[in-house]
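Chains A and B, in that order, give the protein sequences.
Residues in the first sequence are numbered from 1 upward in steps of one, following the working numbering.
Residues in the second sequence are numbered from 1 upward in steps of one, following the working numbering.
Honestly, the hints are just simulated from the structure, not real lab data.
Treat the hints with care, as some may be off.
As the list claims (entries may be wrong) - For lysine-lysine, the following PhoX-like pairs were computed, each having C-alpha atoms within a straight-line distance of at most 25 Å:
| # | chain 1 | residue 1 | chain 2 | residue 2 |
| --- | --- | --- | --- | --- |
| 1 | B | K24 | A | K89 |
| 2 | B | K424 | A | K199 |
| 3 | A | K178 | B | K451 |
| 4 | B | K424 | A | K9 |
| 5 | B | K176 | B | K405 |
| 6 | A | K9 | B | K451 |
| 7 | B | K301 | B | K405 |
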Amino acid sequence: MSGGMWAEKYRPKSLDEMVDQTEIVARMKNFVKDRNLPHLLLVGPAGVGKTTSILCLSRDLYGLGYHNYILELNASDERGIDVIREKVKNFARTAAIASEVPFKILILDEADSLTSAAQHALRRTMEIYTRTCRFCLIGNYSENIIDPIQSRCSVFRYSPLPEEGVKKYITSIAEKEKVNLLPEGLDAVYDASTGDLRKAINLLQAAAATQGGEVDDVAIYSVLGKVSPQRVREMINLGIKGEFLEAREILRSLLIDEGLAAEDIIRMVYSELMRMQMPERWKVRISDAVGEVDFRLTQGARAEIQLSTLLAKLALASEEVNERQ
Amino acid sequence: MSANRLPWAVRFRPRIVADIADNKNAINELRLWLRTWEKGIPERRAVFLHGPPGTGKTSSVHVLAEELGFDLLEINASDYRTRTRMEELIGRATTQNVTIFGKRRLILFDEMEGVSGHEDMGGIAAISDIIKTTRVPVVLIATAIAEDNEEKFRPLRDKAQPIEYKPIPTIDIYTKLERIVRELKLNVTPEALEALAIHSGGDLRSAINDMESIARGKGAVTVEDVEGLGNRDKQEYTPIIIQNIFAAKTLQEARRTINQAYVDHEELFDWIYENLPIVLDDKHDLVEGLEALARADIYAKRVRSSSYRLQKYMFNAMTGGVALSRTRSEGFGLRRQVMTAAAKLGYPQNAFVFQETASGLIVKPVKYMGDSWKQINATFRGLGAVWVRSGNGWAIPYLRPPQLKWRYIRTYHSRRKLQSIAVKVAHKCHVSSNDAVSEIIPLLRLIYRDKAMAETTTTWLELEEDEVDWLRS
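Put together the whole structure using the sequences plus the hints.
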């Protein structure tokens with residue numbers, strides 16, 4: 001077993017190496033042949049090859065020194081559109097010298113997390129620098145990208161990877177890394193990853209590191225038990241039972257000790273809650289409560305007080321729904 | 001007085017602009033405005049510097065006066081009395097724009113929040129008149145314009161150009177303190193420096209004062225010292241205030257506590273939040289109380305972004321809103337908490353005797369506990385308990401100080417490590433640093449259990465030794 005992150009080690013390096021998303025890959029290969037491309041908008045679920053394909057395209061287009069011609073930014077890491085504009089300006093100002101391609105590529109990940117005001121500002125930036133810079137925006141949902149940007153981009157929709165595709169890839173990595181991955185282990189990896197290839201590879205590597213070479217389903221579940229969603233579930237259960245102080249203690253440890261972002265916690269809380277075996281009326285009420293907290297967080301409210309209000313509401317909602325039935 | 005007898009906050013006062021910790025924008029704005037006087041009298045003849053204490057307001061005026069060659073005439077709170085007194089002091093300074101030595105003048109009214117409406121009769125009006133006619137630049141300084149002050153400063157607001165100073169970022173305070181530590185050869189751990197920096201809440205002067213008060217004489221500071229500082233002068237009366245809030249029957253009664261509190265309202269908020277679930281032990285009351293507090297939090301944000309006028313709604317929600325949501329609670333939250341904690345360790349309810357006092361709960365074990373005392377003591381201490389040997393029991397106060405701030409301070413170092421690892425992981429794995437923290441780093445910690453894998457991963461991610469230690473811990 002080797003080190004480094006396997007998900008990076010086995011990330012395809014060229015469009016020719018990509019096996020899935022065949023239509024998209026074919027169109028991208030034409031861009032490379034043409035030595036030209038439009039602004040791009042790549043949308044689809046996590047871990048299906050969005051970032052990989054644009055990195056492959058860049059490498060095919062610019063050759064080995066490709067990293068001189070691309071700039072990767074993540075909208076959730078850059079505070080505000082001004083920072084992005086400034087970075088784009090500095091990056092695009094110097095044309096792509098010593099390359100047959102007259103433009104550079106700016107990759108903006110999680111672009112769908114930008115507010116619509118920020119996106120309007122971005123649209124201007126895209127226009128101003130079109131000659132020297134192509135934008136490749138990446139996101140999960142195209143609905144969250146304003147129309148004027150969508151209309152300026154060539155939109156690529158990535159489909160979820162087929163089960164066999166994910167399993168084949170995982171199996172081949174296990175072979176190369178000399179990990180004995182049992183069939184139950186493979187099934188567990190696939191189930192837990194929900195089609196997200198990066199997550200699947202990371203899980204495999206963590207399980208291999210802790211289990212020393214043989215990975216079955218138990219190994220995978222023991223890894224899953226150590227990561228945040230498990231603690232989120234524990235916190236929710238305490239909240240429902242009315243053990244508020246204990247639930248708040250877990251919330252504090254997630255926020256402070258583990259340094260999770262409030263948005264990530266609320267995302268996990270939401271998906272856990274919706275997956276629970278609870279009355280439908282309860283889910284509707286809780287969804288509304290989560291939504292309110294999520295909104296308040298976007299308005300800059302403090303994470304802990306808002307999230308703990310939600311924890312207290314869990315117990316109340318359970319009681320009231322039970323009374324009505 | 002020789003330099004080393006001076007208080008450190010004075011001794012290490014900035015001498016040039018580059019020495020000032022932060023607020024570069026505000027300083028630039030001030031410099032620009034002062035320079036417009038070179039071309040004649042500008043439209044606004046005064047500026048109003050406002051912001052929290054210890055953020056460099058006064059220092060920047062001193063430093064810029066020196067840099068641009070002004071002769072500074074400074075008037076402090078102690079000088080504000082009456083109109084006549086003010087006119088005496090300033091005299092002809094505002095009409096003659098150069099001193100007899102040919103230097104240009106600059107007038108500074110510092111500590112304006114000290115001008116009280118009644119005592120300093122006409123003080124504000126006098127300053128307002130001076131601004132109208134002055135032929136030399138006038139700088140006004142006040143710490144954050146609070147609710148009460150807004151009205152008071154109204155006559156000055158249109159005439160003076162406001163310049164806002166923000167709290168100094170923790171990292172800049174840290175750097176300044178570190179420089180003093182180096183120069184004085186003190187023995188202060190990085191953790192203690194961080195604790196001092198965070199504890200100051202962006203107030204550089206108080207950070208320096210705190211460090212001096214601990215280090216004078218012994219030349220060393222530990223985290224525990226800083227922790228002691230925080231509680232020193234506040235712990236005594238805050239619980240009483242908080243008790244009054246929870247006991248209030250009317251909005252007015254609850255609201256009054258704001259003015260009685262010695263701590264600022266942010267800290268008061270944290271106290272209420274910490275203790276609310278202990279006092280409001282009924283499910284319905286808890287939701288209502290927390291919701292009121294959550295609304296207050298939203299108002300706090302609105303106050304900062306739009307207007308101090310909204311502050312009263314925040315105060316109403318955090319005091320009255322919380323107090324009046326108490327309808328069914330019995331206040332046994334603490335007792336229940338103790339019993340739950342004990343049950344977790346395998347002790348039934350009747351293993352202890354409970355006794356209520358005005359300020360807390362006395363918990364006595366029924367029989368000698370032997371070696372297990374240690375374990376229980378550690379658990380109870382987490383609830384704020386103190387073992388009283390003479391009483392053969394634990395005393396647990398009903399109300400406890402906010403845990404949050406200290407928790408942040410204690411984990412500051414570790415969280416900074418996490419952030420620096422996250423940036424590296426985000427870069428190498430093409431994800432956001434939030435995703436690095438929530439998705440990849442938890443797995444990375446497992447991967448680091450495999451020695452061979454850990455080694456190559458360290459090289460690949462270009463991690464420092466202390467970051468590796470963090471992943472292994």
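Status of the hints after comparison with the structure:
Simply put, B/K24 and A/K89 have alpha-carbon atoms about 23 Å apart, close enough for the 25 Å limit, and the pair holds. In summary, the hint linking B/K424 to A/K199 is supported, as the alpha carbons are separated by about 18 Å, within the 25 Å threshold. Pair hint A/K178 plus B/K451 holds up; C-alpha atoms about 16 Å apart against a cutoff of 25 Å. For the hint linking B/K424 to A/K9, the alpha-carbon distance of about 16 Å falls within 25 Å, and the restraint holds.
For the suggested pair B/K176 and B/K405, the alpha carbons sit about 22 Å apart, so the restraint of at most 25 Å is met. Proximity of A/K9 to B/K451 is assessed by CA-CA distance (about 18 Å); at most 25 Å being required, the pair is judged to hold. Annotation: proposed proximity of B/K301 to B/K405 holds, straight-line Cα distance about 19 Å (limit 25 Å).
In the structure shown, no violation is registered for any of the earlier numbered hints.
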